Amino acid sequence: MVKKGEESIVLELRNVEKHYHMGDNVVRAVDGISIKVKKGEFIAIMGPSGSGKSTAMNLVGSLDVPTQGHIFLDGEDISKFDESNLAQVRGKKIGFIFQSFNLIPNLTARENVMLPMMFQGLELDEREKVAGDLLKLVNLEDRMNHYPGELSGGQRQRVAIARALANDPDVILADEPTGNLDTKTGEIVLEFLDKLNKQGKTIIMVTHDPHLAQEHAQIVYWLKDGKVEKITRKKK
Amino acid sequence: MISDYFSIAFKNLKHRGIRSWLTLLGIFIGVMAVVALMSLGSGLKLAVSSQFGVSATELITVQAGGLSYGPPGSYVANPLTIDDLETIQKISSVKQAIRRNMDSGKLEYNNHLIFGYAASVPSGEDRKFLYEQLELETIEGRLLKDGDSGKVVLGYNFYANKVGLEKPVLVGKKVLIQDEEFEVVGIADKQGSLIYDNIVLMNEADMKNLFNYGDVVDIISVQPRDKNNLDKTKEDIEKVLRDKRDVEIGKEDFQVSTPESSLAQINKILNGIQIFIAIVASISILVGAIGIVNTMTTSVLERRREIGIMKAIGATNFQIFIQFFIEASLLGLIGGFLGALCGASIGFVGTMGINAWIGAQVQPAISFWLIFFSLLGSFLLGGLAGILPALDAAKQNPVEAIRE
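Chains A and B supply the protein sequences, listed in that same order.
In this text, residue positions in the first sequence follow the working numbering: the first is 1, and each later residue adds one.
In this text, residue positions in the second sequence follow the working numbering: the first is 1001, and each later residue adds one.
Quick caveat, the hints were computed from the structure, so don't treat them as lab data.
Please read all numbers here as calculations on a predicted model, not as lab measurements.
Do not rely on the hints blindly, as some may be mistaken.
The calculated PhoX-like cross-link candidates involving lysine-lysine, where the alpha carbons are at most 25 Å apart (straight line), are [stated by the list, open to error]:
| hint | chain 1 | residue 1 | chain 2 | residue 2 |
| --- | --- | --- | --- | --- |
| 1 | A | Lys-93 | B | Lys-1395 |
| 2 | A | Lys-80 | B | Lys-1395 |
| 3 | A | Lys-92 | B | Lys-1395 |
Construct all of the structure, not just a fragment, from the sequences and the given hints.
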């Protein structure tokens, strides 16, 4: 589990609401969620489709700002940030892993991993070095110069993991990371997430699969109709 | 940092392959036309000017005929005569006026027959005057003297074997002109003019016998008293000839031209052509720019997801803007580069062609600045065309863009 009982909170959602306007109707996709994520935790946000899970992920990943409530990332209230500040913050502090990998097709594996560092203004040789190290970490050192189209699904997701780690973020946000993978490849990806968690990274996984959530996460937030229905903790 | 955007932009353009190339086409054609025109146009001007350069700048030329530019000696309705010459010689602002005749005829040598121009050389003081004005010198043999009968001086191209006789004509050889035998006594120095380098010069008496033109005068070359006031003398001649030949202003059947006015007329025509080509080139460039706007707009739509990903992993709006802006600029730059390359080649080959044709030695006017500004221009134009699509790209909402 977490190294010593470290209590620092990396991410906090405080009474967060997100409303969408559909014609005259207001859809409360997220309707008052409060979540606290401590450093080094592995948490899962669980829920069927329509539960507000995706919206919650966008808010947690600071891809979007809440209609109401506050989101604190590393103690900083980002709920009122403008788009560019938000981009800088998430580029530095959050690493994304998407269900559909979302690699840039025109760039090689290594260039994909280098991209987040470019947006943070790192020098080329440093980016190359870090990208090389990270691809080694996910056992893809012999696929560095391959384009995403030349890689298998599992390999692509590992490139995405390496990319998520590029700026050494505090939080890894994985959105259905195994959704597009077969069971065996999915396991390998999850093993990586576990490994990263053991090394001290905070992992937030969004999934609809209760087994996956319960097996890997220490805390599972069950969402329903935009609210947290229940919170379960792994016994140990 | 900026180089990273360039390298990614370059990859993206490469990835889109044929579509990128097609987008470049407009800018390519436009820049090619402009560069070719500029490098060739100056060459063309120089070439045409060099044809006039052979006649001394302070000479006024009087020819029969209206505004047409027929070659000297071609048929005109109301030719100039000795009478006209004498009238001009009496004008007070005229220092000297000499008669010159040119006629086309056949020449045989080395069992080859060619057609070309013969020009008369007057005698006495007039001869001296003509030689001085034309700065005529020989590279072989001597110039014609008074009393030289049955003798000719040939233009440089006879010596250089460029007139189609398959063999250089040397001093001392005999040539048949209009079936009469003439001895070559000299070869004129290279003049850089198609007419003068191919000419046969003979004394007036020989010329008159050969072509039997009687009192008709093809050209009257006039030296004004005040060489800084050519236009005054030109007006005097025009006035006197109008009265004598009984024609109204604007309906002259003769033409009085200073080298300056001839040059101006040639330049006017060349400028017209240049302006026309420049307009076509501008339209092409404009179409090219619209092509870039179109391609980039499509590209933004196609890559919404990619934009969303880039934003998710930390790209700011400005960084996205720069990425697309540079892609558009690069499209312009590559088009401009290829266009400048082709245009310069056309200018170079074209100028060489002009040189070979008229025997001039004009340098292609391909300057560093011409290339520099056409590249800079196409780069900026591409960027300009890319501004709106790039702003559009920067505005994409990451959440919506990724979901697609």
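Tested hints:
A threshold of 25 Å between alpha carbons decides the hint, and for Lys-93(A) with Lys-1395(B) the separation of about 23 Å falls inside it, so the pair holds. Taking the CA atoms of Lys-80(A) and Lys-1395(B), the gap is about 18 Å. The hint holds against a cut of 25 Å. A hinted pair counts as satisfied when its Cα atoms are at most 25 Å apart, and Lys-92(A) with Lys-1395(B) qualifies at roughly 21 Å.
Hint check: no violations occur; every hint is consistent with the structure.
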